[in-house]
Amino acid sequence: MQTPTDPSDMPQHPYITGFVFALVLTGIPFGLVVAGLLPRFTTLVVIAVLALAQVVVHLRYFLHLDLQSTPRENLLALAFAAVLICIIIGGSLWIMLDLNPRMMS
Amino acid sequence: MYLQGAGPQRSGFLSAFFTLVGTHGLHVSNGLVWILIMSIQVLAKGLTEPVASRLFRLGLFWHFLDIVWIGIFSMVYLPGVL
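Heads up: the sequence lines are chains E and V, in that order.
If you count by the numbering used here, then the first sequence holds residues 1 to 105, one letter each, in order.
If you count by the numbering used here, then the second sequence holds residues 1 to 82, one letter each, in order.
No lab work stands behind these hints: they were computed from the structure.
All of these numbers come straight from a predicted model, not from anything done at the bench.
Treat the hints with care, since some could be wrong.
[What the hints assert, rightly or not] Across the chosen pairs, the derived CB separations fall in these ranges:
1) Leu32/V with Ala77/E: 37 to 43 Å
2) Phe41/E with Arg54/V: 27 to 33 Å
3) Ala35/E with Gly5/V: 16 to 22 Å
4) Leu60/V with Gly36/E: 24 to 30 Å
5) Tyr77/V with Glu73/E: 31 to 37 Å
6) Ile37/V with Ala77/E: 26 to 32 Å
7) Trp34/V with Ala81/E: 21 to 27 Å
Yeah, the Cβ is synthetic: ideal placement off N, Cα and C, and Gly gets one too.
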């Protein structure tokens, strides 16, 4: 796995690299929630951003989907899936947040 | 939780919680059984073409599952504990 032209001392195995990233990206939100260092809204934003980052880490290091080697139609399918997920989750949240005050009686 | 009266029928949140966590749990358990079976197959038959193909599919299944898990702990557990 180690090529003579690669001077990097980072672990060459993508699963180990990915695992370390995933550990850090999981540890930080859990740590923030347990320690309660930041205000609630900021913590939620950090959780969301790191979760998105971790999804990218999983896609790249575990599923070997990256911008260089993945065929274009596969990237397109992934992007479309992401759009659908945003619509479903965002739309559900919108409906629930909008409907909630009108359901209290 | 169920025995304390906080079952899936009690509220919309709990319905969603039991559905989400329940189905994820079932998928993970299923995946663990599959991992066990694959370990035995690799040891017994070696990396033959059908075994390698099943291992690849198991990998896809398992990694998609843990992507869902990122969503679950970020959107259900952590905000709940906050």
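Query raised in the report: Looking back at the hints listed earlier, which ones does the structure fail to meet?
Result: Violated hints: 1, 2, 3, 4; rest satisfied.
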